[in-house]
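Can you make the complete structure from the sequences, with help from the hints?
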Amino acid sequence: MSVALLLLACAAVTRALVVEAQASTPTPMPPGARVDRLLVRKADRTLQAFSGDRLVATFRAAMGRGGLGPKRMEGDGRTPEGQYRIDSRHHSREFHRFLHVSYPNREDRARYRAGRRDGTIPAGTGIGGDIGVHGTPSWAALIPFSREVGWTEGCIAIASNEAQQLYEAVVPDAPIEILP
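What the sequence shown shows, in our numbering, is residues 8 to 187, in sequence order.
Wrong hints could be hidden among the right ones.
To be verified - Computed Cβ-Cβ distance ranges for the label pairs, DEER-style:
id, residue 1, residue 2, range
1, 75, 113, 17 to 23 Å
2, 123, 175, 35 to 41 Å
3, 72, 171, 21 to 27 Å
4, 112, 37, 26 to 32 Å
5, 116, 37, 34 to 40 Å
6, 95, 184, 15 to 21 Å
I should point out that these hints are in silico values taken from the structure, not numbers from a laboratory. Owing to the predicted nature of the structure, the values given are computational and were not obtained by experimental measurement. Positions of the beta carbon are idealized from the N, C-alpha and C atoms, including for glycine.
Rendered as structure tokens:
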């Protein structure tokens, strides 16, 4: 009886993963698209690219290893939450392309100061930085579901070919909203 239940449970989990994968299938970036706004939904592990009010692409994304909740300090492994801008971009040897996010913002600094005052952020710990949207390192291709788990230090990671497309399409100073 327990073997039958185990097989039934495995079948249910497999079906759930397939249904989730089908429901969250990324939509590719159309050629020549111009992206002027990004929206990240951490709980859904998605990054959406917009041109005006029109959704032009959706990407599956890995988030910070620290789980849900706003980034509080350097080393917590969390992806920030709030309103930011893509304030610079560069090529990256490890991550292919990197779109820098303007973390920390005013709310992040206030949260950090409050944590330092109440002792929940240890002395000598900084607020963190160098957060961005980037491609995946070569080792990530070896891990099934690498975009289904949090492995970054707080960044938003998409497939390297998608990062290339986004890198080419995002306008300078584009807003990026990161939701829980």
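Status of the hints after comparison with the structure:
no., hint, in the structure
1, 75 with 113: 17 to 23 Å, "holds (22 Å)"
2, 123 with 175: 35 to 41 Å, "holds (40 Å)"
3, 72 with 171: 21 to 27 Å, "holds (24 Å)"
4, 112 with 37: 26 to 32 Å, "holds (31 Å)"
5, 116 with 37: 34 to 40 Å, "holds (37 Å)"
6, 95 with 184: 15 to 21 Å, "holds (18 Å)"
Going through the hint list in order, the structure satisfies each hint without exception.
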